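Chemist: Residues per chain, in single letters:
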Amino acid sequence: MKDPALVVAGLLTLSAGTFAFRFSGPLLRQRIAFPPWAGRLLEAAAVVLLAALVATTALTRGHGFAGLARPAGVLAGGILAWRKAPFLVVVLAAAAVTAVLRLLGVR
Amino acid sequence: MSSIYRTLTGGTLRDIALACLAVWFIGLSYGAIAVASGFPLWVPAAQSVLVLAGASEFLFIGIVAAGGNPLAAAAAGLLVNARHLPYGLALPEVTGRGWRRLLGSHVMNDESVVFALAQEDLPRKRAAYWACGLGVLLCWPAGAVLGALIGSVIGNTGAFGLDAMFPAVILALIMPALRDRVTRRAALGGAVIALAATPFLPAGLPVLLALAGVLAVIIRPAR
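Top to bottom, those sequences are chains A and B. Just so you know, we're using our numbering here: the first sequence kicks off at 1 and counts up by one. Just so you know, we're using our numbering here: the second sequence kicks off at 1 and counts up by one.
Keep in mind the hints are simulated off the structure, nothing from the lab. These numbers come from a predicted model, not from an experiment. Be aware that a few hints might be false.
Dumping the calculated DMTMM-like pairs for lysine to aspartate or glutamate here, alpha-carbon to alpha-carbon at most 20 angstroms [said to hold, decoys possible]: (1) K125(B) - E93(B); (2) K84(A) - D180(B); (3) K84(A) - D121(B); (4) K125(B) - D3(A).
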């Protein structure tokens, strides 16, 4: 770590900005009256954002492809989740599949 | 906390506890990865408490470790965390009022939002939100610190497949919502957009661009 002061500045910026996002959502919602369809739309928006987060963190590293091992593990976890397997089984299976594939030399 | 215990069913409480346990595990991998990337223990420790948003913290560590400017890394982290604004808009009144709202806002995260949305009435939404939010507030930093402590021992965290845990956690959490066909189509559309944009845009932007996937819901509203 080259410059601790700059890292602290980045850390505090990220903390304060994230809190501002968290704090302003409920506040804005109180000021503005939303019709029910808007509520459903916003719920869908949250799911879409999370799905995109899953896709990018599972499949990409930096600006490129993450390799096969990680998405294969996440896919295994996803199939288990679809079949309503317990939460911890899903997560541990994802890690285990990825680990075993890497052990076998799959990137 | 006794009101949380009374309001929520055993099944929901168990699911929240398991989600927090999973968060603790991911925290372990996060702390270990941070230390393996050359950061002192206080960086993941402070971030896990102050930022309390895993994906952005991984991103921050990754960019700075790759030689990026910490302020640029913070900007990328903020892009990822911008999703908390629509979360707050989507949630009913669960964060509380007055001084409580400060803590109530801080414990807003992917997991607490999902559990709140899954409950049927407002008291249960509120109870689930706080139970999961406070659980994550304890488990994420606890995992991160322990992970940082044992990180030097593990060494190669990738060999244990720890990087597959975060997407698997989020996927498992949104799975109930994905059983709805329209939501699923929107989510798939958004995921494709984010993936297609990843090679060209700075980290964090593709996920926000995925919001265009919501258009699928507008064009074909749920019946």
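Chemist: Each hint needs a verdict: does it hold in this structure or not?
Modeler: Hints, one by one, checked against the model:
{"no.": "1", "hint": "K125(B) - E93(B)", "verdict": "holds, 9 angstroms"}
{"no.": "2", "hint": "K84(A) - D180(B)", "verdict": "holds, 15 angstroms"}
{"no.": "3", "hint": "K84(A) - D121(B)", "verdict": "violated, 23 angstroms"}
{"no.": "4", "hint": "K125(B) - D3(A)", "verdict": "violated, 43 angstroms"}
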